[in-house]
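Undergrad: Here are the chains, one letter per residue:
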Amino acid sequence: GESKFQCEPGETYIMNVMVSAHPYWVPVYQGFKQAAEAMGCETVFSGTPDYDITKQIASFEQDLVKQPAGILLHPMQSDPFIEPIDRAIESGVEVVTFAADSPNSKRTGYITSDNLAEAKFAAEEIVKQIGDSGEYAVLENPGQSNHDLRVTALISYMEENYPNMKLVGRQATNQDSNAAYRATASILQANPNLGALWIPEAGSAEGAVAAVLEAEADVLIMHADITPTTLEHIKAGNIHMALNPNQGMQGFMGFVATFMAAHPDMFDPFNDYKVSGYNPMQIPFVDNGFAVITKENAASFDLNTYMEGRDPS
Amino acid sequence: MEDDLILRIANLSKSFGPIRALRGVDFELRKGEIHAIAGENGAGKSTLMNVIDGILQPDSGEIFIDGRPVTIASPAVAQNLGIGFVHQEIALCPDVTIAENIFMAATNTSRSMLMDYAGLERKAGEVLRRLGDIDPSALVRTLSISQQQLVEIAKALTLDCRVLILDEPTAALTEREAQILFDIMHKLAQQGISIIYISHRMAEIFDHCDRVSVFRDGQYITTRNVAETTPGEIVNAMVGRVIDNLYPDKQSDEEKSEEIILDVRSLTERGRFTDISFQLRKGEILGLAGLIGAGRSEIVKGICRLGGEVTGEVSLRGRQLELTHYKDSIAEGIVYLSEDRKGDGLFLDMSIASNVSALSVRQVASFLGIIDDRKEVALAERLGSKLNLKCGHVGQPASALSGGNQQKVAIAKMLSVNPRVIFLDEPTRGVDVGAKAEIHRILRDLARSGVGIIVISSELPELIGVCDRVLVVREGRISGEVAGEDMTEEKIMYLASVTEERPQAV
Amino acid sequence: MAMTITPAEGKRQPAGGLVDLLKRLLRMRETGLILIILTLFVLMSFASPYFLTWVNMRAMAMAFAVEGIVVVGMTILLISGGIDLSVGSVTALAMVIAGLLFLSGVDPWTASAISIAACTGIGAMMGFFVTRVGLHHFIVSLAVMVIARGACLLGTGGRPLGLFTLPPEFKFIGQGSIGVIPVVILIFLTVVVSFDFMLRRTTMFRKVFYTGSNEKAAAYSGIRTKKVVFLTTTLCSALCGVAGIIYMARFGSAQPTFGIGMELNVIAAAVIGGASLSGGSGTIFGAILGTILLSVVSSSLALLDVSVYWQDIIRGSILLAAVSIDHYLNKRRG
Amino acid sequence: MAMTITPAEGKRQPAGGLVDLLKRLLRMRETGLILIILTLFVLMSFASPYFLTWVNMRAMAMAFAVEGIVVVGMTILLISGGIDLSVGSVTALAMVIAGLLFLSGVDPWTASAISIAACTGIGAMMGFFVTRVGLHHFIVSLAVMVIARGACLLGTGGRPLGLFTLPPEFKFIGQGSIGVIPVVILIFLTVVVSFDFMLRRTTMFRKVFYTGSNEKAAAYSGIRTKKVVFLTTTLCSALCGVAGIIYMARFGSAQPTFGIGMELNVIAAAVIGGASLSGGSGTIFGAILGTILLSVVSSSLALLDVSVYWQDIIRGSILLAAVSIDHYLNKRRG
Ligand SMILES: Nc1ncnc2c1ncn2[C@@H]1O[C@H](COP(=O)(O)OP(=O)(O)OP(=O)(O)O)[C@@H](O)[C@H]1O
Ligand SMILES: Nc1ncnc2c1ncn2[C@@H]1O[C@H](COP(=O)(O)OP(=O)(O)OP(=O)(O)O)[C@@H](O)[C@H]1O
Ligand SMILES: [Mg+2]
Ligand SMILES: [Mg+2]
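Residue numbers (the numbering used here), protein chains in the order written: chain A, 1 to 313; chain B, 1001 to 1506; chain C, 2001 to 2334; chain D, 3001 to 3334.
If you are wondering where the hints come from, they were derived from the structure by calculation, not from laboratory data.
Predicted model, so just to flag it, every value in this text is computed and none were measured.
Some hints here could point you the wrong way.
[Said to hold, decoys possible] A short, non-exhaustive set of chain B residues, derived as facing chain D with CB atoms under 7 Å:
(1) 1343
(2) 1346
(3) 1347
(4) 1349
(5) 1358
(6) 1361
(7) 1365
[Unchecked claim] Derived SDA-like pairs (lysine to any residue); straight-line CA-CA distance at most 20 Å:
(8) D:3331 x B:1055
(9) A:66 x C:2296
(10) B:1327 x D:3055
C-beta: ideal position from N, C-alpha, C; glycine also.
Model the full structure from these sequences, guided by the hints.
TA: So, in structure tokens, the structure goes:
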């Protein structure tokens, strides 16, 4: 017979995000769409262009008006979304979260990069390159949880495992390349023996590279996420390495999880879901993994090349 | 006599930085009297009033009310003490209705929580009806400057006060409005209210006041009973010399010329004025008379393209002008002295020197348009001394000047470009007698040298004293012309106000 | 403002009836905006079947209701001649203070009261710098915007505070409904209607107009203008405090990064609604219409699935067009 | 302004010498700021041995030089009575336009020229809405801020453009040095010195002061005030275009999200430097001192490794303190 991994005609899934123009979502949505196309489903990209929780909630509620089968949601903040997510599920719209979670809500799944794993990898790489008794610094973006996690996890990993690694600078640059330039220049001034710099996002990395190059300092730069410019710096050897979440996988797994949540009847697990009345398709945590970008493979991460011939939305 | 005093000032001083505006002045105000204060521009009259109203704090000296020493920390305190003040400079809220403006102080102290708009407008209407035709529900921003002055006066008349200060209230009022004000003043005085009346018009002081105090250079000079002194004596006390000729000689018959400088034909601006035609001849000073709101300012602004869209023709020395902006008008040498020196006459926070050169900065600049500070200062100092401007130095901001001195800066600004035609709208508004005579003399000299001069003034004696010919404007039309022997106050007032039948243009 | 003009105009045209009412409406400051919003509504209900649904209306209203309370404070401040860039940070700080207190064991009502008092204190401090030191509102509130945001980060370590344990009767403020109407919207309406009334009709608030229109004239009439400005500055921050508490109850969390950029939205709403940036004029009703307009545009774009890359361009253009049309209508009306 | 006053004052005190010079300096508007900055420098050089090094000075200068060009435009606009919230977006748009053109094969110099022309056009459009339609600068530039940001996103799909292939002679603008002085700083100094001179001394720019001081009085002095405002608005955007191109050459990329929040920084710098938000006064020199002050504070906090959570609080407080001190010094002097 026909596969059950198949949509009814018109069955629609929505991916809802904040700051919807951010390029991060593009490969995620491509993965989401590829999975949907494979299963004959429709998709919509939605959310708010603003960094504004009330606007994202409003857009989420407007998505509900359209009664989709499910929503893959990046909740800007966890707790404010508890009530809207629970209401969605009550009204028959399944919700899976990605890249940021709302753990206290009734969402059925959560797909994410493991920021702790990224931080651990970065720490090990730094130690491997500069030895286990050097100076390092971090730039950060307080208030954005995944960036915070990447920084704090790296610091505490170093403290626990490599007590001779000394944290000599910790500056907030909030993804602003000029602020990162200024901060890095100052850190370099104050710490001529600085060995490595860990940056949780790419915008600040651009400014930091400029400062390091100008000061002609020998500092190992590692950062998470990528931009075309940092890719070029990786190719040129100015940046040692970048860690990039597997965005496509995040979207692909996100779709599959949302689809499954919307079709719980496919599955009869060995548990009490019928008695307790919850959705059996519970997936507490999926790690979509991350890629390590170096000089050698940098060319494969050009988003423009990737997007050629694809529908941008 | 002592208990007759409601207000007494003793040995009061006030300085603005190095400028000593008041130096140990004394002043006494009796119950129910109308007490005039006279003094040159910058003598310290307004400063003293601002101290009495709590706007400024004195450096030293005492103020007694009913014999008790008081400290007046703010206008609110002054209000509680029963002091009301009509300022020399108009201060109204443009975004608020006339009625609300008039009763602002009452609203402030009102015990009632809610506004009674209908009541306010009714009461405002009653006061305004005595002064002129103004709709109390209109926003103040729609009024001309002299209408605003009427509102200021209406405001003062509604104050429930024991001491009423009027700082040059009639500077831009015509005879008719001024007369209404005087009637009210006398009524108030009869009710026991004391009035301080500041004016540069000697006639008003001698017709309506009981006593007059004279100030000079921040010092108290003397107080006289009006009945026991003469204008000459007061002027002498003010200026330190006798001014015999308030007005210069008129154009003599030999000077009369048929050469036309400015020829205006059927000038019309919709809703403002209609079919204005007149000629300005060489050597003459032409006056424009009319009641408040008659459209005199609008007409001259229309000629030099400061107003709205006008139709009609304007020729300068036989050449028809194609002006599109006031800039072109200035380039042709036609300049306008505004009646609203604070609103559109001066840059209050800029230096006196930059104010004077504003019409043509180019002439104080060296090649390539680079401003030469020395030239700029020299220009301001030259014109300043010509107009007898009292200031510390021309680098001071214009806001530091007394009202009359600000007016002189505005006039200096006009003269700075060596104009060919000057429209002066209330040119001696707030200017003291001495300087006024000086300005009149300068105007006459300019006219003799071939500059065309048109004067708008609400002070009829001034028009009659200075002008060779006066056009009267009523409701946006020229209703008549007077010259020579015909130039009397009665005739002008008749042409300005008669409404039954349109009199023939003379 | 409209209310002030109406009686007199009515007086001159005593004839009544529908035509007269219509004429008076047309002369009102807010009519242009209402027309623009109605046009948008009509267009949208053709464009999307989901637009004119109760759920969508509710979602739109919920999206602007709390911000609307801040708009009220900002409008009053603008009328008095001030401006406040710190509204977003102070709102966030209100959440953070109340949240921290609650987490340390204070009951949520007391915590909220303390937090609102703290915000009021911040407003009073700004008022002090403006009226006593003599600095400009813009620069003072800019500094406070930075400081308050820093305090939020310091208090929370940059991480949102989870306040899941707030008692249900407290959450009711933000999440409950009375009948079909959400409590948030009821609070919003109460604030708006009462301040709109007070601003139009009470002697106390008229002083705000006088002060903003011409501070000197107001002072000459004995109005303590510094006190007025001090109070409007304080009131604006206090209302930010109230908004922060409602957000906290609504979201069950306190977010240190909340409200970044809110100030521009709020000021834009007030200005669209006719508030003058140089003081002296404005109405609450108009400002709320401005808020609604901005909110309807955002919601509509989301509902129509307009490409995110186009949304900003369209939003900005509509803002510009709306203000221009409104300006034109008002100029024509006189 | 100080320059206009000085000669007259000099005349009254013709005695010369050091004392006189000192007195004149003390009377200058900018002296307070210079003192504050010097104090910071002295404190910092005790606090950190790295502060007073050539490399650190150079890095600090590089951090504010390009923004300084925007500050020049903003200051002139503020003096004329305007304000521009769109500077950040327009700077980003300049990068994006030039970047896109370059990537599509246009040579980088032509691309830059077109991009600066486009920004100038945006400024002219804002000028049109302000002077012809009659809207307020605040609301027009707010709308343009949103639109320009949208255009950046639309042009790039939200992704930064990598412009690593820019020819070295172009990158020289942003990365090269002549002698020991970076080109960026040379450009900055040229812009600052020439505009400071023009603003103080030329008849053309004097009109900007007249217009901002009292627009009506300026019109009554035959100045085409609308043209002046139109031009200052246009100039500000044009300088944003220049800044965007320099940033592009410097970072070798075009970032659609560049410059978010820049407007507040730039306005703060101008205001600290004595520009009035109600127009009519300000100097380029002062505004650049304001920029330097803000930048030195940021750099110092980084150099001292102050906790990020404290940085905002300290920064805001220093801003408030600096403006208060400056205000106090000026009040006493004048
Ligand atoms: N705010 C101020 N700052 C500095 N000087 C001032 C200020 N106000 C007034 N002065 C100076 O104080 C002196 C007295 O001014 P005041 O306004 O009292 O004169 P006045 O007698 O009212 O003159 P007028 O007849 O022109 O109105 C003048 O020299 C004036 O320049
Ligand atoms: N900006 C304005 N808006 C609306 N009406 C105005 C404006 N300016 C002047 N008017 C009106 O135009 C008419 C003519 O005013 P204008 O100022 O020319 O009169 P005037 O003869 O000079 O008298 P005044 O002594 O009042 O200046 C008045 O009724 C005035 O109310
Ligand atoms: Mg005076
Ligand atoms: Mg007039």
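Undergrad: Does each hint hold? Answer for all of them.
TA: Here is what the structure says about each hint:
| no. | hint | result |
| --- | --- | --- |
| 1 | 1343 | holds (6 Å) |
| 2 | 1346 | holds (6 Å) |
| 3 | 1347 | holds (4 Å) |
| 4 | 1349 | holds (6 Å) |
| 5 | 1358 | holds (4 Å) |
| 6 | 1361 | holds (4 Å) |
| 7 | 1365 | holds (5 Å) |
| 8 | D:3331 x B:1055 | holds (18 Å) |
| 9 | A:66 x C:2296 | holds (17 Å) |
| 10 | B:1327 x D:3055 | violated (53 Å) |
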